[in-house]
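Asks: Each chain, written out:
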Amino acid sequence: MLNDILYGYAFHTILKGSAALGFTAGILGVFIITKKSSLMAGASASAALAGMLISAAFTGTRNGSVIMTAAGVMCLLSFFLAKFIADTLKINKFMVHGLIASVNFGLCMVLFTYLRQEKNALAAGMEKFILGEASTLMKSEADAALYVCAASVLITALCIKRFKAVLFSPELARTAHIPSAFYETLMFLMTAAVTIVGIQTVGILFMGALFVIPAVTAGLWTRAFIPAALISGLAGGISGAAGGFLSALQSNISSGPSVIIFAGLLLLISALLAPGKGLLIKKRAGYFYRPSGRQTK
Amino acid sequence: MTSFIELEIIAITILAALACAVPGTIIALRGSPFITDTSAKSSVFGFAAGFASAWWLPSAALIPLGTAAALFGIWAANKIRAAKLMEKNSAASSVSSVLLAAGILIINGFTGVSGADISTVTAGDLAFVPFDRIKAGGYDMGPAAVYILGAVLFFNLMCVLVFYKEIKLSSMDEGYARSSQLKVDAVNILISFMTALTAASAFRVTGAFMAAAFILAPSLTARFYAKRLSALIITSALICVTACLTGFGLAYRANVLIAGTIVCVMGAFFIISAAAAPETGIIPMLSEKKKKRFRTGMLIASAHLYLREKESPEGKSVEAARLHTAMAWSGSFTGKIILALEREGLAEERNGLLALTEKGREKAEEALGIKMRRGLETKSP
Chain R
12 MLNDILYGYA
22 FHTILKGSAA
32 LGFTAGILGV
42 FIITKKSSLM
52 AGASASAALA
62 GMLISAAFTG
72 TRNGSVIMTA
82 AGVMCLLSFF
92 LAKFIADTLK
102 INKFMVHGLI
112 ASVNFGLCMV
122 LFTYLRQEKN
132 ALAAGMEKFI
142 LGEASTLMKS
152 EADAALYVCA
162 ASVLITALCI
172 KRFKAVLFSP
182 ELARTAHIPS
192 AFYETLMFLM
202 TAAVTIVGIQ
212 TVGILFMGAL
222 FVIPAVTAGL
232 WTRAFIPAAL
242 ISGLAGGISG
252 AAGGFLSALQ
262 SNISSGPSVI
272 IFAGLLLLIS
282 ALLAPGKGLL
292 IKKRAGYFYR
302 PSGRQTK
Chain X
13 MTSFIELEII
23 AITILAALAC
33 AVPGTIIALR
43 GSPFITDTSA
53 KSSVFGFAAG
63 FASAWWLPSA
73 ALIPLGTAAA
83 LFGIWAANKI
93 RAAKLMEKNS
103 AASSVSSVLL
113 AAGILIINGF
123 TGVSGADIST
133 VTAGDLAFVP
143 FDRIKAGGYD
153 MGPAAVYILG
163 AVLFFNLMCV
173 LVFYKEIKLS
183 SMDEGYARSS
193 QLKVDAVNIL
203 ISFMTALTAA
213 SAFRVTGAFM
223 AAAFILAPSL
233 TARFYAKRLS
243 ALIITSALIC
253 VTACLTGFGL
263 AYRANVLIAG
273 TIVCVMGAFF
283 IISAAAAPET
293 GIIPMLSEKK
303 KKRFRTGMLI
313 ASAHLYLREK
323 ESPEGKSVEA
333 ARLHTAMAWS
343 GSFTGKIILA
353 LEREGLAEER
363 NGLLALTEKG
373 REKAEEALGI
383 KMRRGLETKS
393 P
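Chains R and X, in that order, give the protein sequences. If you read the first sequence in my numbering, its first letter stands for residue 12, the second for the next number, and so on. If you read the second sequence in my numbering, its first letter stands for residue 13, the second for the next number, and so on.
Bound conformation, chain R alone:
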């Protein structure tokens, strides 16, 4: 039985999909926590599902590209709305993000109840997207996820220096004639694309956490940007694979929470053991320990 599962085709699809998703989300997560827009990542997950449901309600098509486009449009709409409102009105951006996340979630719930009356089969399948269900991942969907992840990683690898400049030193970016707005939008587009292909595996409630937790874990191990991105990708990939594995073995476990539990486990281990910042390490080294390696009395 176990052998059938371990060498089964579907199992490999799930494992590959969720590991790639975790890896990409981990890398992009470093950008997200640097920009402090973790709430926006959660908001875009709800927005993506709302877009999918709207497309199911109005077109009723099963065409994947139409559904994805609707989800993307909804994501971009809420991103630019939040940015515009927070920038022009000088309202705290976290408040706007939190509000938009919650309103999008409410919109999803309303659309679910509406489509349930209409007996819309497509929407019934989408109810799994709240918690995530990696075992419903089909070959085509897993392939789409792999392509999106590969493209995001490639773009990140090509533009990482510019992203770094835009994130950490806007003045430098301006003097070097790097168009900040373009790179910020590009970052959000990659986040949105990964979110759209990821909500089937991880679920809208946990998509934001899949970006944040691996990145935070990496932040405990190193302060340098590119190593942090790699460690974060690794942590995300491991937790994605482990969570997908557990969810595929145990039919009563949704994949979203299991992925996040593994990510949380890695975070806990790092918080205790990471050099410099880890709680156990710091206790032993005394409280005057400096992350740079020098000790002062």
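There could be a bad hint or two in this list.
Restraint-style ranges between C-beta atoms, simulated for each label pair [to be verified]:
#1 R/THR72 with X/ARG334: 55 to 63 Å
#2 R/GLU129 with X/GLY187: 52 to 60 Å
#3 R/GLU129 with X/PHE140: 22 to 30 Å
#4 R/LEU88 with X/LYS303: 24 to 32 Å
#5 X/ILE284 with R/VAL84: 16 to 24 Å
#6 X/PHE143 with R/LEU279: 36 to 44 Å
#7 X/ARG265 with R/LEU88: 20 to 28 Å
#8 R/LEU88 with X/ILE312: 35 to 43 Å
#9 R/GLY287 with X/TYR264: 57 to 65 Å
#10 X/GLY261 with R/THR70: 25 to 33 Å
#11 R/THR99 with X/SER15: 40 to 48 Å
Which stretches of chain R does chain X cover? Using the computed rule of at least three CB atoms under 8 Å from a CB of chain X, they are [claimed, not checked]:
#12 40 to 49
#13 110 to 118
#14 221 to 233
#15 271 to 279
A few chain R positions that, by computed beta-carbon distances, are all more than 12 Å from chain X [unchecked claim]:
#16 LYS175
#17 ARG185
#18 THR196
Calculated from the structure, these hints are not laboratory results. In this text, a Cβ means the ideal position worked out from N, Cα and C, and glycines have one as well.
Since the structure of chain R is provided, determine the placement of chain X on it from the hints.
Replies: Just chain X, lined up with the frame of chain R:
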């Protein structure tokens, strides 16, 4: 036709929304929504513990359990930040997500089905709330939720009334509050407790995740119309009641989720207010900015004409085309400025050239500060 039970549902919804709005105003003043986000997500862990032990616990135990879990989430996030492991919002979202995941795994494991019906947690079960009734001496005393939410609303209002000064000071200027020996940490704990209790007790009405919108939306909308804390609370209460009634009406017509519709209505109110609230909305603000730019443009144009007059005594005027190049304005903007100058009698067209009138010259002198200087010069000797 609305029956008695629907009136009860409306009353419960409005009570829940009002109870949420009170801590919401304080959170909107402080500008940190992480308390709401964390308590909404972490409380699910408490509910899961409650569901798992439902065979011996009464259903009312869900509220203290949810509150405790939410407070634990906030406490843990603060501890992690204090240990300098990570910054505040990352800590809050990691802790709350892990607690949420653990809670959902407990529910999954207890019910034994993947993707088990967690709609009570995500969407609430408002339709069933009125059936949970209190009976005293054989008489029906109404739904239990009315008493619970009424008590929470009363508690929140009393907290704000009693500690009005402390809450206001610690939200507006924390440094000053600390230096005047106000117990800011105690106030923070009080606000966390209010938020956690409200989110946990309203969750059957709002669902765990939409509670954040019930808390944030009315106060954020009210900020467009009011500035003082007391005025904010009253305005957000009004917005709450309006949104609840509108949302209930719409949801009743379309037969969809009530809490979700109310949240959507609240979101729509926020966007409409952000766009068009008088003075503070985007459209009035931008049009005011445009008007200001236009008025300044008129002054600059007349000043430019005045200076050209001084420079070239034979010309005494400037072509419209040259004004446009000298100021580096767009053609249409220059055209509008010239039309406005002529309309207000500041400048006129003399044989194809633009020249200032007497009134315009005065205005330009005023803009350049020449008149004032002259006044000083005549006075000084």
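Asks: All hints, please: hold or fail.
Replies: Structure-based check of each hint:
| no. | hint | result |
| --- | --- | --- |
| 1 | R/THR72 with X/ARG334: 55 to 63 Å | holds (60 Å) |
| 2 | R/GLU129 with X/GLY187: 52 to 60 Å | holds (56 Å) |
| 3 | R/GLU129 with X/PHE140: 22 to 30 Å | holds (23 Å) |
| 4 | R/LEU88 with X/LYS303: 24 to 32 Å | holds (30 Å) |
| 5 | X/ILE284 with R/VAL84: 16 to 24 Å | holds (21 Å) |
| 6 | X/PHE143 with R/LEU279: 36 to 44 Å | holds (42 Å) |
| 7 | X/ARG265 with R/LEU88: 20 to 28 Å | holds (26 Å) |
| 8 | R/LEU88 with X/ILE312: 35 to 43 Å | holds (39 Å) |
| 9 | R/GLY287 with X/TYR264: 57 to 65 Å | holds (58 Å) |
| 10 | X/GLY261 with R/THR70: 25 to 33 Å | holds (28 Å) |
| 11 | R/THR99 with X/SER15: 40 to 48 Å | holds (46 Å) |
| 12 | 40 to 49 | holds (count 3) |
| 13 | 110 to 118 | holds (count 8) |
| 14 | 221 to 233 | holds (count 6) |
| 15 | 271 to 279 | holds (count 5) |
| 16 | LYS175 | holds (19 Å) |
| 17 | ARG185 | holds (21 Å) |
| 18 | THR196 | holds (21 Å) |
When the structure is compared with the earlier hints, no violation turns up for any of them.
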